[in-house]
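Respectively, the protein sequence lines represent chains A and B.
The numbering of the first sequence is my numbering, which starts it at 1 and goes up by one.
The numbering of the second sequence is my numbering, which starts it at 1 and goes up by one.
Accuracy of the hints is not assured; some may be wrong.
Unchecked claim - Taking beta-carbon pairs under 10 Å as the criterion, some of the chain A residues facing chain B (in silico): (1) GLU21; (2) ASP25; (3) ASP28; (4) ILE36; (5) ILE73.
Stated by the list, open to error - The calculated label-pair distances, taken between Cβ atoms and stated as ranges, are: (6) GLN55(A) <-> ALA234(B): 22 to 28 Å; (7) ASP475(B) <-> ASP20(A): 53 to 59 Å; (8) ASP20(A) <-> GLU231(B): 36 to 42 Å; (9) ASP25(A) <-> GLY336(B): 34 to 40 Å; (10) ASP20(A) <-> GLN446(B): 23 to 29 Å; (11) TRP289(B) <-> ASP25(A): 45 to 51 Å; (12) ASP20(A) <-> ALA162(B): 41 to 47 Å; (13) ASP20(A) <-> ALA325(B): 41 to 47 Å.
It is worth saying that the hints were derived from the structure and are not from the lab.
All figures in this text were calculated on a predicted structure; none of them were measured in a lab.
Glycine is no exception: its CB is placed at the ideal position from the N, C-alpha and C atoms.
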Amino acid sequence: MTIEQRLRTYILDSFLFTDDESVLDNDDSFLEKGIIDSTGIMEMVSFLEQEFGIQVDDEDMVPENLDSVSRIIAFVSRKRALV
Amino acid sequence: MATTLLDLLASSLRRRPHAEALVCGQRRVSYLALWNASMTVAACLRRRGLQPGDRVALLLEPSPEYVAGYYGVLAAGGMAVALNPLAKEWELAAWLRHSGARWLLCAGRTRQCEALAGECPQLDMTELGLWRRADTALSRPPTTAEPDAPAAIIYTSGTTGAPKGVTLSHRNLVSNVTAVMRYLQLTPADRVMHVLPFCYSYGNSVLHTHLAAGATVIIEPGLMYPHRLLERMAEERATGFSGVPATYALLLARTRLDAYPLDSLRYLTQAGGPMPLRDILLVREQLPWAAFYVMYGQTEATARLSYLPPALLLEKPGSVGVAIADTELAVCDPDGRRLPPGEEGQVCARGPGVMLGYWQDPEATRQVLHNGWLWTGDLGHMDEQGFLYLHGRASELIKVGAYRINPAEIEEVLLAMEGVAEVAAAGVPDPLLGQAIKVWLVPQPQARLQAQQVLAYCRRHLPIYKLPRQVVFTDALPRTASGKLRRHALMEAGTAGLED
Numbered sequence: 001m002t003i004e005q006r007l008r009t010y011i012l013d014s015f016l017f018t019d020d021e022s023v024l025d026n027d028d029s030f031l032e033k034g035i036i037d038s039t040g041i042m043e044m045v046s047f048l049e050q051e052f053g054i055q056v057d058d059e060d061m062v063p064e065n066l067d068s069v070s071r072i073i074a075f076v077s078r079k080r081a082l083v
Numbered sequence: 001m002a003t004t005l006l007d008l009l010a011s012s013l014r015r016r017p018h019a020e021a022l023v024c025g026q027r028r029v030s031y032l033a034l035w036n037a038s039m040t041v042a043a044c045l046r047r048r049g050l051q052p053g054d055r056v057a058l059l060l061e062p063s064p065e066y067v068a069g070y071y072g073v074l075a076a077g078g079m080a081v082a083l084n085p086l087a088k089e090w091e092l093a094a095w096l097r098h099s100g101a102r103w104l105l106c107a108g109r110t111r112q113c114e115a116l117a118g119e120c121p122q123l124d125m126t127e128l129g130l131w132r133r134a135d136t137a138l139s140r141p142p143t144t145a146e147p148d149a150p151a152a153i154i155y156t157s158g159t160t161g162a163p164k165g166v167t168l169s170h171r172n173l174v175s176n177v178t179a180v181m182r183y184l185q186l187t188p189a190d191r192v193m194h195v196l197p198f199c200y201s202y203g204n205s206v207l208h209t210h211l212a213a214g215a216t217v218i219i220e221p222g223l224m225y226p227h228r229l230l231e232r233m234a235e236e237r238a239t240g241f242s243g244v245p246a247t248y249a250l251l252l253a254r255t256r257l258d259a260y261p262l263d264s265l266r267y268l269t270q271a272g273g274p275m276p277l278r279d280i281l282l283v284r285e286q287l288p289w290a291a292f293y294v295m296y297g298q299t300e301a302t303a304r305l306s307y308l309p310p311a312l313l314l315e316k317p318g319s320v321g322v323a324i325a326d327t328e329l330a331v332c333d334p335d336g337r338r339l340p341p342g343e344e345g346q347v348c349a350r351g352p353g354v355m356l357g358y359w360q361d362p363e364a365t366r367q368v369l370h371n372g373w374l375w376t377g378d379l380g381h382m383d384e385q386g387f388l389y390l391h392g393r394a395s396e397l398i399k400v401g402a403y404r405i406n407p408a409e410i411e412e413v414l415l416a417m418e419g420v421a422e423v424a425a426a427g428v429p430d431p432l433l434g435q436a437i438k439v440w441l442v443p444q445p446q447a448r449l450q451a452q453q454v455l456a457y458c459r460r461h462l463p464i465y466k467l468p469r470q471v472v473f474t475d476a477l478p479r480t481a482s483g484k485l486r487r488h489a490l491m492e493a494g495t496a497g498l499e500d
C-alpha cells in the first residue's frame, strides 16, 4: 500500500469510524473539519512514527506538516528521503 | 466597590486605557477598544429591545468578539449564556430553548447558525463585527445592575431533556474573580496564555480575573500543536498559564518545557480534576521558577473553591488546599453533620461564589443547595490544618480532559440508534485525559451491530469531546433488584470490561 492508502485507512478507521472513502478529502483540514482533536494528533504522530519509521520532532509538530492527508504525505515523504 | 464584572473592567480601563487587554493572533486590543466594542454591543441590544434579565446567547470561539459580546450583554442588563461552538445543533437548540434566549451573538451566518434559526425561530441573530467602529469615544454603560441579579448561565452536564444551567449572579462572579486575583497576586504586568474554552467556568474565570487585574489575555485556540503554543508563550512573554491535567499531560508528552525561553512565566494553575503528582513534579522540574497552583472548584461555585499555596505543594501532596477568601469548606456526612479531620464525607461549600441555582429547575437546585451550603458531589476529607483532599465523586459525571460529561447524554443518543436495546456509559481511566468514555451496549435480538458502526453513529450525533473511546457488547447490564443501573460496577470493571 502507498503512504496515502495507509494513512487514509488509519484516519478513516480511527477517527471517522468508517470505510467510506468519500467522507475524507485529502485536502480537508483536520482542525477546521473537526476530524482530529489535540489527543488525536498525539495518537496520529505515534502512528506515523511506527508505521513509517520516521521520527517526528518538536518542530515538526506544526499544522503545515500535519493538518491534512496531503500535508502528511508530503511530510512523511520528506522525512523518509532524509533517512 | 465593584458590583459587576463591568465595574472591574471599567477600573482596568481607567488605570491603563491603552494597555493590551487581549491578544489574538495578530490582533492586539486595548482596554479602550474592548470597552468601546462592549458598549457598541450593549447599545445595539438595547436598541433591539433587550429588557433587564433577558438572556443573550453567545456562540463564539474564544476571541475579542466573545469578550466584547459578554461584557456588552452585561452592560445592556442582559444575562450572558455562553454556548460551546463545538456542540451539535440539537444540543445548542436544547440550551437555547431552555434558557429562553431571544438573542444569539455569532461570528457569521454559518451552517450551524442557519440550522439553529430553523430550530429556534424566535432567535434574533446578531453577527459581531465591531472592531471597525471601536474608536476613542468613552461611553457609560447604559444600566446598573443589582448585585444579586442573575448575570450569566453556564450549561453544564445535563441531558437534552433536562439541561442544567448554572445561574450566577453579579456578586458570584465578582467575589470569585476578586478572590482568585488576590491569591494569584495578579497585576497589570501579567500576561496569561489562555487555551481553555471560554464558555465553561475555568476558562470564564481565567478570562475575567485577568481583565479585572488590568492584565493581558493572550487567546490561543487550544493545544493541537504544543510546540507552536510554547513558542507563542515565549514570544508573547507570558507570565501565566492555566490548564487542566490533560493540558499539562499533552504539553509534557512530547516536549520539554525547558527547551523554550519561558523565563517570564510567574505562575501556572491547574484545576479540573486530580493531576498526577508525577506530572506536577515534571512541570516544576522543567520550570522551577514558576509557582504551581493546584486549585479546586465547581461551576456551581462560579469556578474556584480552594487553592493550595505553591510553597506547600510538596508538604501537602495530593491536597487541593484551603478555601479561597470569604468561603467556607466542610466535609459532611449524609445528614449534614460536619465530620472530624481524616474522615471521608461529601465536600460542602458556603460563600459568595455559590450559585443562585439551576436555571428554572428548583428540584435540581434543592438537591444541591441546602441552607446556603452547596453539596458538591465530591468526596474527600480534611486534615488537621483544614487542607482538603479529594477522593472521587459521589456523582457519576465523566471527566474527560476539560469537560464534564453526564453519561446519560451518551446513553440518550445511543438509545435512539437502531438495533440498540440497552446502553450504559461510564468513565474509565485514561493516561492522557484522566478519564475516557466507555460504552456497554446490549443489542436487540438479531441486531448485527459492530463497534465501528456504533462509533460512527456517535461521531454523527455527538461532539468530538463526547465520543466514546471504547464500545463493548454485553448480554445484560448490571442492575440493582429494582432495575437501576449499577454504574459504579461498570466503572470498577473499568478497562477490563464485562466481556473479557
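These are the hints, each one checked on the structure:
With 10 Å as the threshold, the beta carbon of GLU21(A) stays out of range of chain B, its nearest partner Cβ sitting at about 14 Å, so the hint is violated. The restraint placing ASP25(A) at the interface with chain B is violated, with a minimum CB-CB distance near 17 Å, outside the 10 Å limit. Checking ASP28(A) against chain B by beta carbon gives a least distance of about 14 Å; that is not within 10 Å, so the hint is violated. A distance limit of 10 Å between C-beta atoms decides the matter here; for ILE36(A) the minimum to chain B is near 8 Å, and the interface restraint holds.
Among the interface hints, the one on ILE73(A) is violated; its C-beta lies about 19 Å from the nearest C-beta in chain B, farther than the 10 Å criterion. At about 23 Å, the beta-carbon gap between GLN55(A) and ALA234(B) stays in the expected band of 22 to 28 Å. In this structure the supplied range 53 to 59 Å is violated for ASP475(B) paired with ASP20(A), their Cβ-Cβ distance being about 30 Å. Distance hint for ASP20(A) and GLU231(B): a CB-CB separation of about 37 Å, consistent with the stated range 36 to 42 Å.
The supplied range of 34 to 40 Å is broken by ASP25(A) and GLY336(B), whose beta-carbon atoms lie about 58 Å from each other. Checked against the hint of 23 to 29 Å, the C-beta distance between ASP20(A) and GLN446(B) comes to roughly 25 Å, which is consistent with it. The hint said 45 to 51 Å for the Cβ distance between TRP289(B) and ASP25(A), and at roughly 46 Å that hint holds. The given range of 41 to 47 Å is broken by ASP20(A) and ALA162(B), whose C-beta atoms sit roughly 35 Å from each other.
For the hinted restraint 41 to 47 Å between ASP20(A) and ALA325(B), the CB-CB distance of approximately 56 Å leaves it violated.
In this structure, the earlier hints numbered 1, 2, 3, 5, 7, 9, 12 and 13 are contradicted, and the remaining ones agree with it.
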